[in-house]
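Q: Whole structure, please, built from the sequences with the hints as guidance.
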Amino acid sequence: MTTTGPPSASGAGANPAPSSTIRQARANSDTFLIWLIVLLAPIGQMAIDIYVPSLPAMVGVFETTQNAVQLSVTLYLIAFSVGQLFYGPLSDAIGRRRALLIGVALYLLGGVISLFATSIWAFVAARVVQGLGITAASVVMKAIAADRFSGPRLGTVMTYMVVSWGLGPIIAPVIGAWFHTSLSWEYSLYFLVAYGVMLLFMIGVVYRETHQSPRPLNARNLAAGTATILGDGVFARIYLSMGLCYGVLLTFNLIGPFLVQDVMGYSPALYGGIALGMGAAYFLGVFSNRVLPVSVTNRVKFQIASIGSVVAAVAMVAGAALTEPNLWVLVAPSAVIIFFAGILYPNLMGAGVSRFPEMTGLASSWLGFCLMLFAGLIMLGSSLLEVDSLLPMAVLFLICMVACRLLVMRTLPRESAA
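The sequence shown begins at 1 in UniProt numbering and counts up one residue at a time.
No lab work stands behind these hints, which were simulated from the structure alone.
Cβ atoms here follow ideal geometry from the backbone N, Cα and C, with glycine treated the same way.
This list has only true hints and no planted wrong ones.
Dumping the calculated EDC-like pairs for lysine to aspartate or glutamate here, alpha-carbon to alpha-carbon at most 20 angstroms:
(1) Lys142 with Asp92
(2) Lys142 with Glu209
(3) Lys142 with Asp30
Now the in silico label distances, taken between C-beta atoms and shown as ranges:
(4) Asn326 with Ile113: 33 to 43 angstroms
(5) Leu284 with Gly350: 11 to 21 angstroms
(6) Met158 with Arg299: 15 to 25 angstroms
(7) Leu322 with Ser182: 31 to 41 angstroms
(8) Ser29 with Leu406: 41 to 51 angstroms
(9) Met198 with Ile399: 34 to 44 angstroms
A: Written as structure tokens, this is what we have:
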């Protein structure tokens with residue numbers, strides 16, 4: 001663990017040089033590292049959510065279909081999931097800084113290509129490159145935190161990271177909707193590139209390596225660990241449950257803009273406000289885990305959240321079948337489902353990673369890959385749905401929540417005994 005503080009000024013009574021703040025940051029002060037982690041945390045999510053208010057308009061811009069535009073989100077997510085397996089071992093072998101530089105450079109390359117894309121397929125390809133690149137931020141930021149901090153301080157830094165990650169999907173649709181209505185939807189892409197340039201500067205110029213003992217990749221150990229992790233049935237049920245929760249959230253972002261704007265006739269700005277509310281519902285669900293009494297066990301949380309999600313999905317199906325498409329039937333049940341997903345998701349993540357304490361890093365990589373791949377497959381299926389009514393999405397939500405309930409209750413009697 002790196003514990004070296006900022007270098008002191010040489011010479012008694014020497015006046016601080018004008019660049020002392022930069023030198024302190026270059027020495028990886030705690031404050032700088034926390035800011036770096038906090039700024040790395042939301043970008044993977046923001047790169048999805050910032051332009052979803054513009055998805056309906058992009059159909060006309062690229063003269064293509066709704067399904068083709070939605071693929072830019074789905075394939076980004078699948079590429080993001082694949083990268084989860086790559087950057088963890090890479091950062092252990094070549095260092096955090098080099099791994100981040102490779103990832104952010106790839107992300108910027110994809111961002112620049114997206115700005116000049118003249119066809120939807122060039123845009124989709126650019127998004128795949130972005131997804132493969134920015135996964136580095138999601139994976140390596142956790143390793144940087146563990147390199148420098150420990151004990152309660154590490155827990156505090158992880159809290160900052162989770163809060164920042166949760167704020168990404170809350171703020172990004174509002175920013176994207178404002179760009180769409182006030183300037184142009186392309187400004188969302190410029191924003192993503194500018195954010196990447198900022199990260200590249202912080203990593204390339206300011207950040208200094210925190211991983212002081214790189215170790216070569218050991219294919220035999222990786223293969224043996226992978227076989228153990230993927231052969232564990234409880235682990236499989238955990239990542240499938242997480243993928244269902246995350247898939248529902250992403251499906252709302254994928255189909256919601258078309259329902260709100262094309263079917264119901266509302267503006268992109270209104271959808272941005274709805275997306276803000278959905279992000280807030282998820283954030284409140286996550287935060288409720290912190291404020292509930294210790295006597296409320298994981299088993300109780302999972303019982304309430306999984307049953308509540310199924311009830312909300314049933315209400316959504318009933319409302320969609322019995323009424324014309326309207327905001328209340330879309331928004332109210334979705335907010336309840338997403339709130340309960342916020343309760344389930346972090347607890348499932350903790351159960352999955354802690355299941356293999358001797359290889360937490362590898363388990364974390366496989367957990368991220370599997371859950372995001374599964375969520376991406378759900379999104380791929382949802383992109384094939386007809387979006388002329390609310391019922392298809394409501395039925396998909398019900399199927400996902402019933403499956404999640406069954407998986408969770410097969411797992412938690414053993415996993416939540418603590």
